[in-house]
Each structure stands twice: as structure tokens, then as C-alpha cells.
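Engineer: First to last, the protein sequences are chains R and H.
Counting with numbering that gives the first Met the number 0, you get residues 0 to 403 for the letters of the first sequence.
Counting with numbering that gives the first Met the number 0, you get residues 0 to 415 for the letters of the second sequence.
Worth flagging that the hints you see were computed from the coordinates, not collected in a lab.
Treat the hints with care, since some could be wrong.
What the hints assert, rightly or not - Across the chosen pairs, the derived CB separations fall in these ranges:
| no. | chain 1 | residue 1 | chain 2 | residue 2 | range |
| --- | --- | --- | --- | --- | --- |
| 1 | R | V72 | H | L211 | 37 to 45 Å |
| 2 | R | A105 | H | G155 | 58 to 66 Å |
| 3 | H | E78 | R | D81 | 38 to 46 Å |
| 4 | H | D389 | R | D81 | 49 to 57 Å |
| 5 | H | D271 | R | V72 | 44 to 52 Å |
| 6 | H | G303 | R | A105 | 54 to 62 Å |
| 7 | R | A110 | H | T97 | 30 to 38 Å |
| 8 | H | G155 | R | V31 | 46 to 54 Å |
| 9 | R | D81 | H | R151 | 49 to 57 Å |
| 10 | H | G303 | R | D81 | 30 to 38 Å |
| 11 | H | F351 | R | A343 | 52 to 60 Å |
| 12 | R | G223 | H | E316 | 30 to 38 Å |
| 13 | R | L33 | H | L211 | 49 to 57 Å |
| 14 | R | T98 | H | N309 | 20 to 28 Å |
Using N, Cα and C, we set each Cβ at its ideal position, and we do this for glycine too.
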Amino acid sequence: MSDRRTDGGEAVSRTGMPFGLPRWVGAVTPLVLLGVVVAGFVLLNPFAGLATGGALPDVTVTHTSLPNDETVVLHVTNNGPDPVTVSQVLVNDAYWDFTMFAGGEATNTLAPMESGRIVVPYHWTPTWDIHTALVLSDGATFGHTIVAPQVSPGLTGELLGLLAVVGLFVGVIPVALGMLWFPVMRDMSDRSLHAILLFAVGVLGFLAFDAGFEAFELAAEVPGAFEGNLLVVLGILGALLLVQAVSEWNSAGDVRPLGLAYLVALSIGLHNLAEGLAIGSSVALGHVSLGAFLVVGFMIHNVTEGPAVVAPVAEGERPSLWHFVALGTLAGAPVIFGGWIGSAAYSPTLGALFLAIGVGAILQVNWEIGRMVRRRGSLVTPANLLAFFAGLAVMYATDLLVTL
Amino acid sequence: MSDEGSRATGEREDAAELTESLTDRLVAAVENDAAVSRRAVLGGLGVAGASAVGLSGGASASGDHGDTSPHGRAGVVGEFQSADFDPHEYLREFRTGTVKMEGGQRVREFELNATLREIEIAPGVTFPAWTYNGQVPGPTLRAVEGELIRIRFSNGQEHPHTIHPHLKNVNPRMDGIPQNGPGVIEQGERFVYEWKAQPAGCHFYHCHSMPLKEHIHRGLYGAMIIDPDPERVRQNPREYVNYHGPMTDDLRAELVEEAELRNHEYRADEVDEMVMVMNGFDTNFDGDNEVYAANTRAFAYGVGSTDAENGEWSAGETVKPIQIQRDQRQRVYLINAIEFDLVNSFHSHSQFFDYYDHGTTLMPTHKTIDTIMQCQAQRGIVELDYSDHDPGLYMFHAHQSEFAELGWMSFFEVQA
């Protein structure tokens with residue numbers, strides 16, 4: 000393992016394994032030893048004498064669904080490290096019949112991190128709050144109030160169609176309309192075009208904050224075991240790094256304008272997916288007035304996303320038309336899918352994750368646009384800064400129109 | 000003008016149509032209601048009965064839903080799983096201790112110890128109770144007026160406890176409070192309480208350690224019944240009546256007979272005697288009860304299921320009505336041991352009863368009432384007569400509907 004050197008020293012090979020063991024043994028050994036230590040700990044249980052009294056049960060009613068006015072369905076998750084048994088269910092301070100389903104069977108026990116469905120045959124009155132409480136076997140109670148209940152429409156072809164139309168109007172059409180500014184943008188000077196790009200950055204930046212706050216808000220409803228806040232952080236950073244890695248791999252550090260346009264479209268699409276999710280889940284919970292005002296609000300709000308998508312390709316060669324169709328679809332159509340997912344399988348965990356992914360993607364795209372502008376001129380000019388601010392302000396103003 | 004006229008006609012027709020449809024709906028609703036109430040009467044159920052058990056019957060009555068009701072079924076789910084306490088056994092179990100004579104004084108001795116025990120208060124729901132002799136309520140202690148009650152108390156539990164009697168007690172050392180006599184009895188300590196059995200009546204004992212609310216609500220309480228002494232009644236009849244008229248021989252004899260019918264050493268076995276301690280459990284310790292009951296277990300004296308249309312019912316495995324004989328006088332020693340609520344109550348369906356406030360009199364303090372309320376620690380004797388009733392289920396419950404729906408709802412099954 001060592002060579003005589005001319006200077007009389009000895010060169011020690013740093014790649015050699017001790018005792019001449021194969022390399023894979025070296026890789027596996029720490030894991031094997033970890034297994035031994037863990038097994039020993041479990042078997043010997045050195046903390047056995049420490050009477051800590053065990054962990055408290057923790058059960059969350061993540062959400063509810065009301066398939067008809069004679070049924071209440073509570074979706075529950077066991078956050079604690081121990082199994083819990085739901086012994087009784089109170090509805091409006093009275094014991095009531097119920098059946099719990101978990102893991103595909105009727106059972107009263109939820110394993111750690113397991114989710115279940117509690118079906119209560121209860122004839123409720125629309126808009127009269129329903130106060131429910133789960134009584135566990137040890138008497139602990141976990142309450143959940145369904146405010147102003149309404150029948151959730153359930154997943155029907157009609158609803159899917161309706162959500163598709165809504166998605167078309169609030170997602171695809173506004174983005175497509177926004178993209179119609181493309182010819183105007185092509186005639187602009189570099190300075191103006193950069194300002195437009197920074198306007199897009201402002202738009203996206205606002206969306207990032209908007210979605211980010213909403214993600215953390217939703218994370219509060221995520222069952223404790225799933226660590227909602229950290230899930231959002233993971234989603235943001237994960238999406239950011241993933242999109243970054245893809246763009247680095249794709250262009251070796253220099254994103255082509257068309258590639259950047261697609262990235263913008265993708266990140267807006269991810270954000271719109273979350274937007275669709277919100278619409279779909281509101282519909283599922285029976286809590287949205289899909290009135291003209293809301294749709295108009297969304298259209299005005301989202302029309303600014305169009306120029307953001309096409310700004311990167313405004314100078315240089317005009318991409319072929321089908322690219323525009325693809326860009327518009329990528330940015331706008333996810334509203335439809337989000338709506339479908341939201342109405343079929345809404346959960347705060349899913350919602351928070353989608354929002355976080357959207358935020359990560361947006362941050363990466365903003366970074367990319369910033370790099371592009373700096374490479375071609377100056378990033379921080381009064382016009383650019385004002386345009387950036389205008390992007391934020393316009394989004395704020397139009398956001399006021401769309402409160403679900 | 001003709002336009003106006005036709006529109007007016009149209010409006011009138013619309014109105015007529017609307018009226019007709021409303022009328023139809025009303026008729027249909029009234030028919031349904033009538034059917035429900037007829038069924039309810041047949042099944043011996045009233046309004047609360049319909050809400051508590053009868054709705055499943057209502058559904059099967061309509062004939063097309065099978066066992067499931069569109070309105071769901073109120074009440075607990077499942078059966079009690081542990082045999083730690085039998086509310087039916089407790090109902091008619093009176094501990095009379097051991098009697099001996101000491102210097103011309105009759106002494107009645109009991110043993111009580113404080114222990115910790117998990118008890119099941121609703122199917123599948125347990126509660127970490129502090130108990131006398133491992134049960135909630137503690138054993139029903141029964142003595143005769145004038146005797147010396149001696150209780151050897153030992154505390155096998157880590158919290159300090161006492162026994163405080165709701166008796167006329169002339170010795171402050173025996174009051175069972177932290178500030179007097181032996182004070183609290185610590186873990187492993189023993190103390191012998193001695194109280195004179197007076198006055199006759201339906202009484203109560205409980206732990207008086209601090210924090211008081213917790214020591215009572217956790218289960219340290221029980222019933223204490225002092226039977227009137229017929230000889231003493233014969234000599235001092237006025238002490239047993241709230242009555243100022245002339246004391247005739249007939250009245251005296253009547254009072255003595257009542258005293259004998261109350262006294263377990265005379266003729267109390269001629270009456271069907273029951274103990275009901277109204278209690279509640281705050282399972283999540285938020286200062287509000289999740290379970291209400293008479294004798295600890297939610298809906299313990301309820302029915303498993305009913306078919307109100309045919310007036311049929313069946314018992315559950317661990318939940319069943321109290322069976323009583325129609326021709327026998329029914330006496331309920333009723334005590335309110337509720338915590339966190341100001342009052343509790345007892346309401347009998349289709350029946351009016353006589354009530355003896357605190358049970359200290361031999362003539363009713365209230366006659367012909369169907370609801371009484373009791374403040375915390377208040378108690379009394381309820382005497383019911385079902386001799387002219389059809390056999391069947393007769394509900395009784397707290398008429399705080401919240402308490403009823405949370406467990407304090409039960410039935411007598413009157414048998415011919």
C-alpha cells in the first residue's frame with residue numbers, strides 16, 4: 000500500500016480500504032452497525048425506568064365532506080406515535096351513531112399517521128353550524144366545527160365539466176389574452192422590453208408571496224405528524240432546485256429565451272394548479288360562489304401572466320405559433336386539473352404542497368429572468384425598478400377582486 | 000285592462016295553487032307527526048324518547064329503510080367492554096355492614112378504602128377515577144336511625160382523601176374536612192369515622208379534600224341511607240311530617256307503617272328500592288362533562304334497539320332497561336353528585352310521582368309531579384306507582400336535554 004519516494008518519504012494510498020476489504024463492505028458497514036445499535040437499544044430499552052407516561056394522543060379532523068344533508072363525513076388523521084381508538088362521536092353535544100373506516104375496513108382504531116373516515120348519519124340543516132367531537136377511549140376529545148354547512152356536490156361529470164369551463168375562463172383565456180401583447184412587445188426597445196420583463200418579475204414575485212403565505216396558512220391545518228410548515232419549506236426549496244437543475248442541464252448555464260419562456264409558463268402553471276385546487280376544494284366544500292364577479296376578477300388578475308410568459312421571447316426570432324399554444328396551455332390549463340383534483344381529493348396537505356412547489360418554481364424563474372436582463376444590459380434602472388413595482392402593485396390591486 | 004284582468008286571474012290561480020300545495024304539505028307533515036306520536040305512545044316513548052332512541056324506529060316504521068335511518072341514530076355506539084362495574088347490580092345493592100352492640104348502643108361497621116381505578120363510563124371510553132372501594136359511586140351504606148355508624152377508612156391512593164357525611168353530625172372531629180379532626184388522610188393512613196345515624200333520609204357522602212371539585216368529580220362519593228326507626232316514629236311522629244294539624248291515631252299508624260316500609264329491618268322488601276346517583280364525567284378535564292349518567296354508565300338503563308311501530312324493543316348486552324313489576328311500589332333514592340353543572344333533574348315519562356325532599360319526611364313534600372330538580376348534593380326519594388299502566392317501556396331522564404343526549408337517559412320496563 001505504500002511506495003518508496005525519491006525524497007525518502009512514503010506515499011500512503013488514501014483510496015485503499017483497511018484490511019483489504021472490498022469497497023462495498025466499507026459502504027455497508029456503518030449501516031449494519033447502526034442496525035445493531037438500534038436493535039440493541041430496542042431490545043435492552045435503557046429508558047425503560049424513565050416513566051414518562053407516554054405521549055398524548057393527537058388526532059386532527061383535517062377536513063369534512065357533506066355528501067348529502069343526512070350524512071356528515073369527518074376525515075381524521077392520527078398524528079400521535081401511538082394508536083388511538085375513537086370510542087364515541089358527539090354531534091352538537093349529543094352521542095351519535097357513527098362508523099369509522101380506515102385502511103379499507105370498518106374499525107375504531109387508527110394506527111400512527113393513519114387517516115380514516117368517520118361517517119355519521121346525521122340529518123343536519125344547511126348553514127347551521129355542526130359541532131362535532133371525537134371521544135377517544137381515554138376520554139380525550141378532539142373537536143371540529145363545520146361552519147355554515149352546505150352539501151358538497153360530489154364528483155360528477157357535470158361538476159368536472161363545470162370546473163373545466165371555470166378553469167378555461169380563469170386560466171387559459173386570460174393567459175392567452177395576455178400573450179396577445181406579444182406583437183407590441185416585439186416592437187419595443189431593449190430598455191422597454193427589460194422593463195416589461197421586470198414587470199413580469201413583479202407579477203411573479205407577488206404570486207410567490209401570495210402563494211407562500213397561503214401555503215403556510217394551509218400548513219397550519221395539516222395534521223401535525225406531517226409537519227406542514229416544513230413540508231412547505233421542502234416544497235419551495237425542492238421545486239426551486241429541481242427547476243434550476245433542469246435548466247442548468249438543459250442549457251449549460253445559458254438559458255435560451257424560448258426555454259425561459261417555458262420555465263415561466265411552467266411556474267405560472269404550477270401556481271395556477273394551486274389556484275385551481277383552491278377553486279375545486281371550495282366547490283367540494285360547498286363554499287364558493289362561482290359568480291361572474293369572481294371569474295372576472297380572476298381573468299383580470301391572470302391576464303398579466305400572459306406578457307410574463309412571452310416577454311422572454313420578445314426579441315430575436317419569433318417562435319413558431321404552436322409554441323405559443325403550448326406556452327398558453329402550460330400556464331393556463333393547470334387551473335382545470337387543479338380544480339378537478341381539488342374537488343375530488345382535497346386535503347390541506349396536498350394544497351400546501353402544490354402551493355409550495357409553485358412558489359419554488361416562481362423564485363427560480365425570477366432568478367433566471369434577472370440573469371437574462373443583467374446579461375443584456377442593466378438590471379437596476381429606474382424604469383426596471385418602477386416596472387417591477389408596477390407588477391407587484393397591479394397584482395395586489397387585482398388580487399382584491401378574487402377572494403374565495 | 001283585459002291584460003290586467005288576466006294577470007290578476009293568473010296571480011289568483013298561482014296563489015290558489017300555492018295555497019293548495021302548502022296545505023298538502025301541512026297535511027302530510029301533520030299525518031307524519033301524528034303517526035310518529037302514535038307510535039311513540041305505543042312504544043311508551045315521548046318526545047325525548049323519539050330523539051334518543053325512537054328515530055331508528057321511526058325509520059323502520061316507514062318500512063323502506065330497513066335498519067338504517069335517514070336521520071341517524073342518537074346514542075352511544077357499541078357495548079361496554081369491561082365488567083368493572085354493573086349499574087344494574089349497583090342499583091339494588093345496599094350495604095348494611097356488620098351490626099354489634101356496644102354498651103347498649105347499636106353499632107354498624109363498614110370498611111371503605113380509597114383507590115385509583117380506570118372505569119368505563121361510555122362504551123369504550125375510560126376515565127381515571129378515584130374511588131371508594133373501587134367503584135363509582137361508592138357502596139351504598141345503609142343504617143337505621145339512632146345507630147352509630149363506624150367507618151374504618153384507609154387511603155390506598157397517592158392523593159389525600161376524607162369522608163364527609165351529609166348527616167347531622169355533632170362531633171366536629173368527624174366532619175371529614177382538611178381543617179378539622181384528623182384532617183386529610185394521607186396515602187397509607189387509616190382513620191375511623193363515627194357518626195350517629197340521623198336524621199332518617201336519603202343522604203350522601205363524599206371526599207372533602209381540596210381541590211374539592213376534582214375530588215368529587217373524580218368519583219369519591221356515594222349514597223347513604225338512614226332508615227327511620229318505626230318505634231321512634233311512633234313516639235315522635237311530628238318530627239317526620241311537615242304537617243301542623245291534629246296527630247290522630249290513624250295518622251300515627253300510617254306514619255309508622257311508612258317507616259316500616261322504609262326500614263330494611265322491617266318491611267322495606269315489600270317495595271322495589273333503587274339507588275340512582277346522578278353523575279357526570281369530564282373526560283378531557285376542561286371543566287365540562289362529556290358523559291352524564293345515572294349510576295356512572297351512559298345510557299346504562301337504555302334499550303339496545305327499538306321498533307317503535309310494533310312497540311318492541313330489545314336489550315343490549317350491557318345496556319338494558321330497569322325491569323319493574325307493575326303492582327309493586329317503586330322507590331328511587333335519588334342523589335345529585337354532578338359537578339360543573341348547577342342542577343340536575345329527574346323526569347318520568349307518562350307518570351307522576353311523589354317526592355320526599357331529602358327523604359327526611361314520611362309524607363311527600365311534593366305530590367303528583369313528573370319533574371324534580373336537584374342542586375349539587377341535593378337528594379330525595381321518588382316513589383312511583385305503575386299499577387295502572389300498560390306493560391312496556393317508560394322513559395326517564397334528566398330534563399336538561401343536553402344531559403339526556405350525553406347519557407342520562409333510561410327506561411323502566413314495566414312488567415305485568
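Engineer: Does each hint hold? Answer for all of them.
Structural biologist: Evaluation of the provided hints:
1. V72/R with L211/H: 37 to 45 Å: holds (43 Å)
2. A105/R with G155/H: 58 to 66 Å: The hint (58 to 66 Å, Cβ to Cβ) is violated, given that A105/R and G155/H are roughly 41 Å apart.
3. E78/H with D81/R: 38 to 46 Å: 24 Å Cβ-Cβ, so the 38 to 46 Å window is violated.
4. D389/H with D81/R: 49 to 57 Å: holds (51 Å)
5. D271/H with V72/R: 44 to 52 Å: Check passed, 46 Å falls within 44 to 52 Å.
6. G303/H with A105/R: 54 to 62 Å: At roughly 19 Å between Cβ atoms, A105/R and G303/H fall outside 54 to 62 Å, so the hint is violated.
7. A110/R with T97/H: 30 to 38 Å: violated (52 Å)
8. G155/H with V31/R: 46 to 54 Å: holds (51 Å)
9. D81/R with R151/H: 49 to 57 Å: violated (41 Å)
10. G303/H with D81/R: 30 to 38 Å: Once the Cβ atoms are compared, 32 Å apart, the range 30 to 38 Å for D81/R and G303/H holds.
11. F351/H with A343/R: 52 to 60 Å: holds (58 Å)
12. G223/R with E316/H: 30 to 38 Å: holds (37 Å)
13. L33/R with L211/H: 49 to 57 Å: Roughly 54 Å apart at Cβ, these two residues keep to the hinted range, so it holds.
14. T98/R with N309/H: 20 to 28 Å: holds (26 Å)
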